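Please work from the sequences and hints to get the whole structure.
Each chain, letter by letter, is given below.
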Amino acid sequence: MRILVVEDDPDLSRQLSEALKDTGYAVDVADNGEDGHFMGDTEPYDAVILDLGLPVIDGISVLQKWRADGKTFPVLILTARDQWSEKVSGFDAGADDYLTKPFHHEELLARLRALMRRAAGHTTDSIEIGGLMVDNRAARCFVDGMPIKLTSHEFRLLSYMATHKGRVISRTELVEHIYDQDFDRDSNTIEVFVGRLRRKIGTDRIETVRGLGYRLIDPDNAAAKK
Amino acid sequence: MAAKAGDIPSLVTRLIRGAVLWMLPALAITAMALTWFYQQSTYKLFDDPLENAITDLIAAVETGEAALPPGTLFLTREPIDPRYQRALSGRYWMIGRFQADGSLVPVRASRSLSGETLNLSDAVKVAIDNQTKSEFRTRAQGPDGEPLRVLLRSVILPNDASVVMLAAADIREPQRDIRRFAMLAVGLMLMISAAVLAAIYWQVRLGLQPIFELRQKVADVREGKVEKVDGIYPSELAPLADELNTLIDHNKDVVERARTHVSNLAHGLKTPLAVLLNEAEMSKSGLSDVVERQAKTMKRQVDHHLQRARAAARGQVVGVSTSMDETVIPLARTLERIYRDKDIDFDLSIPDGLMFRGEKRDLEELAGNLMDNACKWTKSRVSVHAQMIDGDDGFFTLTVGDDGPGLAEDQYEEALKRGARLDEATPGTGFGLPIVEDLAKAYKGDLKLGRSELGGLEVVVKLPGRL
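From first to last, the protein sequence lines are chains A and B.
If you count the first sequence from 1, position 222 lands on 222 in the numbering used here, and the numbers rise without skipping.
If you count the second sequence from 1, position 165 lands on 1165 in the numbering used here, and the numbers rise without skipping.
These are computed hints drawn from the structure, not numbers from a lab.
The hints are all genuine.
If you want a taste of the chain A side facing chain B, the calculated C-beta under 10 angstroms gives, among others:
| id | residue |
| --- | --- |
| 1 | Leu-78 |
| 2 | Lys-87 |
| 3 | Ala-95 |
| 4 | Pro-102 |
| 5 | His-104 |
| 6 | Ala-114 |
Pairs of lysine-lysine, DSS-like flavour, derived with a Cα cap of 30 angstroms:
| id | chain 1 | residue 1 | chain 2 | residue 2 |
| --- | --- | --- | --- | --- |
| 7 | A | Lys-65 | B | Lys-1360 |
| 8 | B | Lys-1342 | A | Lys-71 |
| 9 | B | Lys-1441 | B | Lys-1417 |
| 10 | B | Lys-1342 | B | Lys-1448 |
| 11 | B | Lys-1417 | B | Lys-1342 |
| 12 | A | Lys-21 | B | Lys-1296 |
| 13 | B | Lys-1228 | B | Lys-1444 |
| 14 | A | Lys-21 | B | Lys-1284 |
| 15 | B | Lys-1376 | B | Lys-1441 |
| 16 | A | Lys-21 | A | Lys-200 |
| 17 | B | Lys-1379 | B | Lys-1448 |
| 18 | B | Lys-1462 | B | Lys-1448 |
| 19 | B | Lys-1252 | B | Lys-1444 |
| 20 | A | Lys-65 | B | Lys-1342 |
| 21 | B | Lys-1417 | B | Lys-1379 |
| 22 | A | Lys-21 | A | Lys-71 |
| 23 | B | Lys-1342 | A | Lys-165 |
| 24 | B | Lys-1299 | B | Lys-1360 |
| 25 | B | Lys-1360 | B | Lys-1342 |
| 26 | B | Lys-1462 | B | Lys-1360 |
| 27 | A | Lys-21 | B | Lys-1299 |
| 28 | B | Lys-1284 | A | Lys-149 |
| 29 | B | Lys-1376 | B | Lys-1462 |
| 30 | A | Lys-165 | A | Lys-200 |
If you're wondering where the values come from, they're calculated on a predicted model, not measured in any experiment.
A virtual CB, placed ideally from N, CA and C, is assigned to each residue, including glycine.
Here it is in structure tokens:
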């Protein structure tokens, strides 16, 4: 899961990105409206945290531009302004949630999870596929009730595939959603991560669809079909 | 600060008092003058026949032969008016001599006197003796006791004898005439006074009408019924109306500016506070505890003063009103998105054109908190109804109900207590009901809790408004 943080306060921005990385997300940061808008326009984010009082272009305008361009990623507005009129204009511009400063990290993370979950059409934070349980809330994973230790990259990969379970996900899509901007994107590494993940959760849980990508499946169901 | 009425007379009183001050003496003098002129002309007419009688007497008097004793005189003919012949007819003539004791002894007299004499005042005799005056108009009592007007002339006869010739007539009738005229004049003047007073009162009211209108308009502005002192005013008042409008705008500006400053300060502090709190939360150490404690205190201070600034500015801005539709509908739209998991079904019924007589910000705070609260507790349905209160001019009720668990009646008081939270399980800033109640009270309204038709809590807020 890859998240864009548009926040002009460097300290808050750093804290947010640290907290988000700790939770297992790939994070990009922009410190003004113009850069933020450009990044949101060109990169496929799974969610955006947007401040309203931004230099160059204000947050509402950035959001309106994204929505006008057909960007559908969930946007959480994070602002000091707590008047109803500001909430109304934020939601009218296309926001999906609105959180006022100061805030608790837990609340921000919970809301972010809820947004992404909703965007993918899930109703709970944990996703289960035939004995494999991915808990997005705690950033943990279990196979048949046994906890599995994953690195953050491995978890991101698994979490993204679990969120979009049943669908074939291309290597490019995975790269775009699990690495942040600064990561050296050598598509080979995806295969490396998939290989490690298969060793940890079971080879038959990740199906390779030749020429298209990977798919997270329930091995028992797949076996039954065959 | 407040202008005191009553210490000085009102404008209407002043103008009317001023008018009365010149009008009543003027009318009184007019009545007196008219009566005086009428009296003069009446007496002139009255005196004419008496004058004639004396002239006749002078023409007719003869002193006769020198041998006759001095003082003897004859009349070749008497004045012809038959009333001089009838006894006690009220019309008399006489030729007489004054005695040393002041009494007048008739030498010749009309038959109507029946041998009586007339008693004249001593002043007449004294004047005649001193030869200062020879003609008199005076009063006397007639033989029948009637008041007489007497014309009297002192005449020296050819034989050097001095006599007075007089003609007199009953004065009661012309006096009655004059009195009647005087009463008529006074009555007329009183009627004119009344009519003029009424006219002046009407004129003053009419003349001051624009002032009354202006006063009403200013009151309307203060109550938020209209936004500006509009309308057309006379050239004397138009600048005042303009000044008032400028003052109203200035007041809006000042309040807005003050509020913006506080709000900017408070909001500017919120991001650094968020950073401090987050940082302290992330790195647990002795320092972070202090930072967290202090930052929380600062956050409370910021919230407190922001709230105070909003409350202080409340009701300070005059002449603003806010459309209910334009406020409630966006709020419902926003809340539907905030609570999208609940798929809330809003039932909005707001009369077309209903205006809240107050600021948009306050209405948003009020309706937003109520609706947010309802959304928090509801299962899926929230109703928002507004309607003007019959018979309570200028107020309407805003009723927000939900189909949630509601409150028991003994919990109502607790729910309205500041800082109280009945259930910690639903996240958010508590009930928000005390804030709403404060707001409603700031606008002279109130807040009541009850059970909604939907089954949950119902909040009814009374607010100033107009259709």
